[in-house]
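Protein chains in written order, with our numbering: chain V, 1 to 511; chain D, 1 to 511.
Careful: at least some of the hints might be erroneous.
If several chains are the same, the list does not tell them apart, and a pair holds so long as it fits within one copy or across any two.
[To be verified] Simulated pairs of lysine-lysine, BS3-like, Cα-Cα distance not exceeding 27 Å:
id, residue 1, residue 2
1, 211, 323
2, 389, 493
3, 493, 323
4, 508, 389
5, 235, 323
6, 424, 237
The hints are simulated quantities; they were obtained by calculation from the structure and are not laboratory data. All of these numbers come straight from a predicted model, not from anything done at the bench.
There are 2 protein chains.
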Amino acid sequence: MDSSQFREAAHNAVDEIAQYYDTLAERPVLPDVAPGYLRPLLPSGPPEDGEPWSAIQADIDRVIMPGLTHWQSPKFMAFFPCNSSFPGMLGEMYSGAFNAAAFNWICSPAITELETVVMDWIAKILALPDCFQSAGEGGGIIQGTASEVIVTAVVAARERLVRRRLGDMPEGEERMDKAADLRGKMVAMGSEHAHSSTQKAAIIAGTRFRKVSAPRSEKFSVTGKELRKTIEELKAKGLEPYYFTVTVGSTGTCAVDDLKGVAEVARDYPDVWIHVDAAYAGSALVCPEYQHLCSSIEHFDSFNVNLHKWLLVNFDCSAFFVKRRMDLIDTYSLTPSYLRNQYRESGLVTDYHEWQIPLGRRFRSLKVWFVLRTYGINGLRNFIRGHIKQGEYFNGLLDTRQDIFNVITPAAFALTTFQVNPPKPEAPPSAYTADFTNDAEAQYREETNRLTKEVYEKVNASKEFFLTSTVVCGLYVIRVVCASERSEEKYMKQCFELLVKTAEEVLKGEN
Amino acid sequence: MDSSQFREAAHNAVDEIAQYYDTLAERPVLPDVAPGYLRPLLPSGPPEDGEPWSAIQADIDRVIMPGLTHWQSPKFMAFFPCNSSFPGMLGEMYSGAFNAAAFNWICSPAITELETVVMDWIAKILALPDCFQSAGEGGGIIQGTASEVIVTAVVAARERLVRRRLGDMPEGEERMDKAADLRGKMVAMGSEHAHSSTQKAAIIAGTRFRKVSAPRSEKFSVTGKELRKTIEELKAKGLEPYYFTVTVGSTGTCAVDDLKGVAEVARDYPDVWIHVDAAYAGSALVCPEYQHLCSSIEHFDSFNVNLHKWLLVNFDCSAFFVKRRMDLIDTYSLTPSYLRNQYRESGLVTDYHEWQIPLGRRFRSLKVWFVLRTYGINGLRNFIRGHIKQGEYFNGLLDTRQDIFNVITPAAFALTTFQVNPPKPEAPPSAYTADFTNDAEAQYREETNRLTKEVYEKVNASKEFFLTSTVVCGLYVIRVVCASERSEEKYMKQCFELLVKTAEEVLKGEN
């Protein structure tokens with residue numbers, strides 16, 4: 001393919017992509033294929049000789065399109081969104097063209113320097129404290145996903161504790177033995193509702209993991225008191241708590257941990273690295289009315305928000321901020337001879353590979369820059385506020401049918417969770433709080449869970465809307481998120497009507 | 001930006017990108033900017049209100065272009081290449097459009113299933129043994145970079161050994177203590193010339209690291225004998241070697257370890273996970289004349305090749321193959337309730353997030369599919385063979401001036417390394433092998449290293465060509481790689497002439 005063939009193919013691709021976006025709402029959000037659908041559509045290996053683009057492009061429609069889940073559809077209300085945007089796509093196009101494995105400054109100065117600038121811009125518009133800006137001892141770096149960020153923080157936390165405890169010991173076998181003993185006692189912690197990535201990161205780091213309780217009575221949030229209790233219990237056993245993920249917007253229900261209370265614990269246990277995971281909800285900090293949520297974060301070590309979730313930057317793009325970049329560099333820098341150069345030695349440049357696990361890096365800051373400039377701060381605020389309003393609208397619809405639906409967590413960051421009530425005319429047991437104290441309540445819970453699951457599965461089976469479910473403190477709930485770029489009230493209404501219709505059918509079958 | 005504005009902007013971008021590629025060879029490969037050049041060109045934050053695309057696009061030329069290192073230039077001969085291609089870019093365009101965080105099958109069946117199919121295709125064209133195909137117990141997965149692959153393998157190796165040793169112990173505190181003790185004794189190993197990512201992975205895994213010697217007398221390769229000696233020494237100290245990176249094409253010189261000898265050691269120490277890092281040179285396996293290199297790999301646990309280096313798939317795309325996928329899943333699967341669904345439970349689908357560290361995944365198989373089909377197997381073979389020939393041509397040019405240049409490692413996979421001879425009329429000390437035995441040799445080495453470094457730095461300072469240097473067994477060498485997509489003999493000739501001119505100037509200054 002030469003550059004004129006590329007022009008032709010890429011112009012066609014642009015038109016196809018624009019047309020795909022224009023017709024998203026008309027497509028069923030979920031594909032109608034069974035596992036294994038794709039392989040029979042393809043030959044058993046690549047061709048001996050090259051094929052023309054026309055043959056390849058035709059296969060996008062024949063092979064790929066039928067198997068896509070349309071994450072950009074306004075009927076995608078599952079998980080959290082993964083919003084693309086047109087400027088984000090343009091960023092990816094140029095990034096693909098300037099294709100580079102930019103692991104240090106000289107690999108492409110623009111790639112390193114734009115990243116530093118746009119991460120400072122992000123810190124500024126989210127009103128993060130100055131300590132997370134590159135001008136001081138901290139700074140931001142783009143990672144792929146929140147799970148990568150959390151592994152990076154967990155391992156850095158583990159090694160920071162090793163350095164603090166063994167700082168004065170000379171390198172050698174004895175130090176390695178002591179470090180191994182210490183790592184063997186370390187415990188990472190996260191809310192029982194924290195994303196699974198904290199537990200996975202603890203496995204990767206080769207340390208223990210302890211869940212911190214966050215019951216329904218605390219709105220599924222970790223309190224400072226509960227964290228302190230967990231730390232003290234671990235210490236009493238001779239273990240070393242070294243890391244805690246404090247969550248702003250939990251995966252299940254968008255619960256926000258008690259940051260103020262956790263900050264007080266952080267002051268008493270400065271060896272515990274506290275990372276703020278605001279993967280989804282952190283984008284709401286562009287709106288001043290949400291910025292109080294993070295008023296305590298100068299007491300914590302690091303913070304992340306996935307710009308690819310709710311801030312219109314194409315996947316992948318997780319913004320990771322640290323208060324002291326040396327906490328990362330002291331763990332991740334090796335700098336072998338073939339990566340040394342005069343620029344690095346000058347101390348004037350940032351070599352981001354020393355802040356992270358992988359070496360090579362894509363040019364991801366370009367799409368962030370394009371999105372920030374295309375929308376402007378006000379455009380992003382309007383975008384977030386629109387979804388917040390739609391979430392409240394959907395919650396309001398559920399409330400009009402309290403005979404069928406029981407909202408478990410009201411609309412928070414455009415996410416509402418709810419259950420389907422059993423078909424009994426009576427109200428639920430009065431003390432129904434998921435802290436089950438008697439058989440009647442337990443039986444009611446089981447029945448509610450079963451019905452909710454049935455309704456959930458039937459709705460998804462229609463393939464018209466895509467919702468997800470989760471279990472929080474024993475409650476099976478349906479999650480509906482109103483935060484797709486193309487989300488509109490009319491789709492929330494349609495989804496609600498499908499939920500009502502499906503629940504009525506299921507409940508009818510029960511009688 | 002609406003879809004018609006996107007059409008216009010993206011059509012312009014396509015034309016700009018095509019024009020960029022058409023003019024690559026005319027641009028200096030290295031940018032003429034000083035550290036910190038970019039920030040003064042931008043405002044201190046994003047705009048309050050959105051800007052038109054015309055303003056943003058103009059800044060690509062004003063702000064970005066002057067700071068780019070042109071990795072796609074035929075004058076880029078540094079590191080290893082990071083080749084883009086037009087079909088690779090088209091793959092990225094569609095992937096950006098279908099934007100999804102595809103962590104499991106239902107997230108987008110096409111994304112999961114195309115990956116399984118194209119990884120099988122890659123295994124087939126590289127002639128990997130059947131055990132690395134998905135039909136058996138193994139399979140391939142796309143990761144971002146080789147460094148991510150190696151961390152993933154190292155941590156899985158560590159936990160595999162824990163499971164093997166403690167398999168029958170019940171879960172609980174006692175098992176955790178025993179596991180911690182075991183991890184504390186574990187040692188990962190790699191050639192002294194292995195990429196730094198193995199040592200970094202050992203840090204991340206919280207284990208020890210030991211370099212295995214690979215002297216010049218063995219052409220910088222690890223032999224089975226040397227690996228066995230290292231393992232036995234570690235075991236004699238009560239340590240537990242658990243992982244070894246065997247390298248096919250080392251970063252410094254493209255050395256290939258003794259795979260046959262290592263395979264014999266592997267049979268005697270089945271608890272040592274052996275990973276074949278063929279990040280760059282592995283692409284040569286598309287040519288049957290190179291496939292003997294990996295004739296022993298069925299004895300090893302895993303293998304990776306970066307398709308983004310030498311196989312025309314845009315960055316990032318590292319193909320990672322394992323013999324037993326359960327070795328990954330047993331470590332990385334957690335599967336919390338909100339990720340469970342009927343498809344996963346059926347056992348018919350692959351949930352790739354259970355094979356890797358991050359959760360979310362991009363649609364990277366699309367660009368692999370487009371590249372394989374556009375070039376065909378023969379096109380890829382011709383591409384590799386063209387570079388091999390250019391490498392030999394460049395090596396031949398150096399040999400025409402043995403008065404100036406001393407080839408240290410002859411062209412291997414299009415990489416040649418060499419030194420600049422000191423200006424003495426006499427030949428170097430006869431035993432000059434980098435295993436320095438006397439003062440005269442040591443002095444000669446120092447002088448050679450200093451001169452070579454000076455020539456290297458002067459050539460790069462011209463910004464016309466970009467080379468890298470490295471130090472192998474005490475020798476400072478210049479590395480020249482002839483493997484850019486646009487590479488041609490005429491550029492190798494120009495580079496050689498610049499090297500001669502620069503060396504002559506430097507040597508003249510010495511007299």
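Worksheet item: Hint by hint, which ones does the structure fall short of?
Response: 3, 4, 6
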